[in-house]
Amino acid sequence: MTKPLHYRCLLTFVALFAGLSLTGSLAAQDLENAQLIHPTPDSWPMYHGDYSGRRHVPFTQITPQNVGDLSLAWAFQTNQAAQIKSTPLLVDGILYFTVPDNIWAVDARSGHVIWHYNRVATKGDHIGHRGVAIYKSWIFFTTPDAHLISLNARDGTVRWDKIIADVDKGYWSTMAPLVVKDHVIAGVGGDMDNLPGYLRSFDPDTGAVQWQWDVTPPAGTPDTATGGMTWMTGTYDPDLNLVYWGTGNPTPVLNGKPRPGDNLYTCSIVALNPDTGKLVWGFSLSPHDTHDWDAVETPVLVDGLFHGQPRKMVMQASRNGFFFVLDRTNGKSLLTAAYGPTNWSLGVDKDGHPIPNPGKEPSADGRLIAPDEGGLTNYRAPSFDPATGLFIVDAHPSYSIYFAKPADGTYGWAGADYGLWGKGVIDAIDYQTGKIRWTHEVGEGGSGAGVMTTASGLTITGDSHGNLLALETSSGKTLWHAGMGSPMQSSPISYELDGRQYIVTSSGGVLFAWDLPERRIRNSSSSEQSR
Amino acid sequence: MYAQHCAICHGDQRQGNLPGFPPLLGITHRMTNDKIADLIHSGKGRMPGFPGMQDSELNALLHFLDTAGSSPQMATNGAEHSSLSAAGEALFQQNCAFCHGRDAQGGETGPDLTQSRLVRRDRTGDDIARVIHEGRPDNKMPAFNFSTQEVRSIIAFIHAREAEAVEHPGGRRGVAVADLQTGNVEAGRRYFEGAGGCRQCHSPKGDLAGVASRFEGLELEERMLYPHDAPSRVTVTVPSGETFSGVLAYRDEFTVALRDKNGVYRSWPAKKIHYTVDAPVEAHVELFSKYTDEDIHNLMAYLQTLR
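Those sequence lines, one after another, are chains A and B. Residue 58 in numbering that gives the first Met the number 0 is what sits at position 59 of the first sequence, and the numbering runs on without skipping anything. Residue 264 in numbering that gives the first Met the number 0 is what sits at position 265 of the second sequence, and the numbering runs on without skipping anything.
Calculated directly from the structure, the hints in this document are not laboratory data. Among the hints, erroneous ones may be present.
[Unchecked claim] Output of the computed footprint for chain B on chain A, the stretches with three or more beta carbons under 8 Å from beta carbons of chain B:
#, stretch
1, 121 to 135
2, 236 to 246
[As the list claims (entries may be wrong)] Under 7 Å between C-beta atoms, here's a sample of chain B residues computed to sit facing chain A:
#, residue
3, 93
4, 140
5, 147
6, 148
7, 150
8, 174
9, 231
Yeah, the Cβ is synthetic: ideal placement off N, Cα and C, and Gly gets one too.
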């Protein structure tokens, strides 16, 4: 807690250290706040790579001209049936990634395992796992039974084990926590029960709870929703000192009758003070949702011009089919536009909220709804490319039928829905107009993969058949591909080590690292820029 | 002997604790005594070996494992079944409940298994086991790598839930045939003949004759809206000018494949050939943005007259 006093001095120290560490002659350093604010090229120190959530890297070694030579550096087998849905973290040359109940620490240069942690949770949903957080030399890991566990990054030994939520009530956790200053912020999942969602902040040293922010009024408050699960990682603006988080759908899920109104702050982007957990503003993206469209997708932070005026923005391509641009200083709408088939809304109100059509709420005889329950996009991350102004997202145009009748009750799911048809496309959205500048088809039936863009003009993503794709960011044209065996359920990352740029992707239970052959690396000097 | 060495993992009642620790009730039906003795001596996976166990102790333990416990034989089958189902429930909650609901009656994305035709018909569990092991790639159902015993336990749980649902109807989240009777037959017929364009491909006396006898309720409506298994045909012209045609078997950006009339699978690099796909099912996709909900209900009413 002495941090404020030493902060500036620490910044200098870490900067010096980070520069020297490229020589490999120094011992590993702890991951401090300065490096979280300005990640070095040889790191991917948090779920989204940096606090902005743009998943855009400054590297220019792998280019549209040479990507055709990209080849496999190494592959790592988890030997698990669970698919990798996590984003690996890279700190001090070691990659840390997860599937439910498991963490691996793997050498980022060779792909060999350094340690493996396995804790079998006999309770809780094992639907997926998004990855860990790291602060100093400590790892923070959420579990299917909704614990937050701190481990030593050096050897995977457990330091402490705290409870985020009560698994017996129906909560679970899959998310990668977000570290902001001396706060470890963790969220929950669980919409099979009428449970209130919340975010909890833990002390990184002791695991003590610092604050809790509740998404909805307490369960049992008349005419209000529960829900609003916080199952994806938020973003952070250090200058405004605000954390941005997307919240999930209200419960009961498909029956909106017991919960009239907008059901704040479910299906919203909220801005919280990370020191107190107090709400600064909130914006509802799906008022009164009845289709399970969590608004938990990355709230991407972009500074730039909007219609000629400099703005601090937050953008989200939301599961409900709309793309939103908000002024992140005050939560006011700049743009709301559908980016694919949506038939559930009567339009957009003057404040930028879509207006739900009561005629499209689930009914006894069924309602045809676009998109389907998985939504026009889901947890796989989008990327913002500053050079082209494109917001590139894995989209899933789709149709489904939704049912609900009084016999389905008012608890948990409270209805039924069935997907009819869908396909995967990668959409490049012009953030100032909401218009789709290009669409790249990635397969019938399925969806694509998470997206990462590079300063050299590449978009790295995948198709629904299991191909890893390198596209030209300006046009969406395919430049290179490699079959990985099954569709990528995660989002790519990239880093530079020893003068080599690596791209890391996953498929099934395998992690793949890609790089250029030695002869194609023109200049082995490392990028000194931070991102 | 059992209480001292085995119960900590396999449970006081030999009920097991899946996924880590298999139930031992009825183990002698699944393994020979020699095999069990080997396993006890050498261990396997996370099961420790007990090389020091004396023959007399081992025989006593094998004898105990062969007993049915305190209940008479007939009741034991039930007890074994319910402990199996309990073990399956734990696995189901962790791996299946997200999509199929905690009670197997449907949840996020996945159907109500208690009303599944496959579940209801599959008394041996073989068909369910196949779906669990192989998944259903077309329907987003992933494949699971469970052991045979784990699969048995999950199937026991699904069948227990099914029995429960049959015994206590109502209040379930599935869609009943009666729910889908709000449309108007005459309006549906007009839509079929006119605005819907259905007549261009389908005929009530031809391909759709008796369709309502083959399918009903939700299954009929889903097939009406998008017959997901309708084949597409592809004709491929290779550089030599030779052409091949058949059912489209695979297509991504880079590879196109067909299965010809003899069942032979052939694939080509998409860049090296010319190909045309005839996908009549696309007409269903084009209708999605045109239907009103009323059109769908009317069309459903009309189709249900085609018995």
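- Query: Hint check: is the beta carbon of residue 147 of chain B less than 7 Å from a beta carbon of chain A?
  - Reply: Check failed: Cβ of residue 147 of chain B comes no nearer than 15 Å to chain A, outside 7 Å.
- Closer than 7 Å between Cβ atoms is the bar; does residue 231 of chain B clear it against chain A? Give me holds or violated. 10 Å, violated
- Any CB of chain A closer than 7 Å to the CB of residue 174 of chain B? 5 Å, holds
- chain B over the stretch 236 to 246 of chain A, status - at least 3 residues with CB closer than 8 Å: violated (count 0)
- Verify the interface restraint on residue 148 of chain B: the C-beta must sit less than 7 Å from at least one C-beta of chain A. 16 Å, violated
- Outcome, coverage of the stretch 121 to 135 of chain A by chain B - at least 3 residues whose beta-carbon is closer than 8 Å to one in that chain: With 6 residues close enough to chain B, the hint holds.
- Query: Any CB of chain A closer than 7 Å to the CB of residue 140 of chain B?
  - Reply: Interface hint status for residue 140 of chain B: violated (12 Å vs cutoff 7 Å).
- Message: Next item in the hint list is residue 150 of chain B. Is there a CB on chain A closer than 7 Å to its CB?
- Response: 13 Å, violated
- Verify the interface restraint on residue 93 of chain B: the C-beta must sit less than 7 Å from at least one C-beta of chain A. 4 Å, holds
Checked against the numbered hints given earlier, this structure breaks hints 2, 4, 5, 6, 7 and 9; the rest are met.
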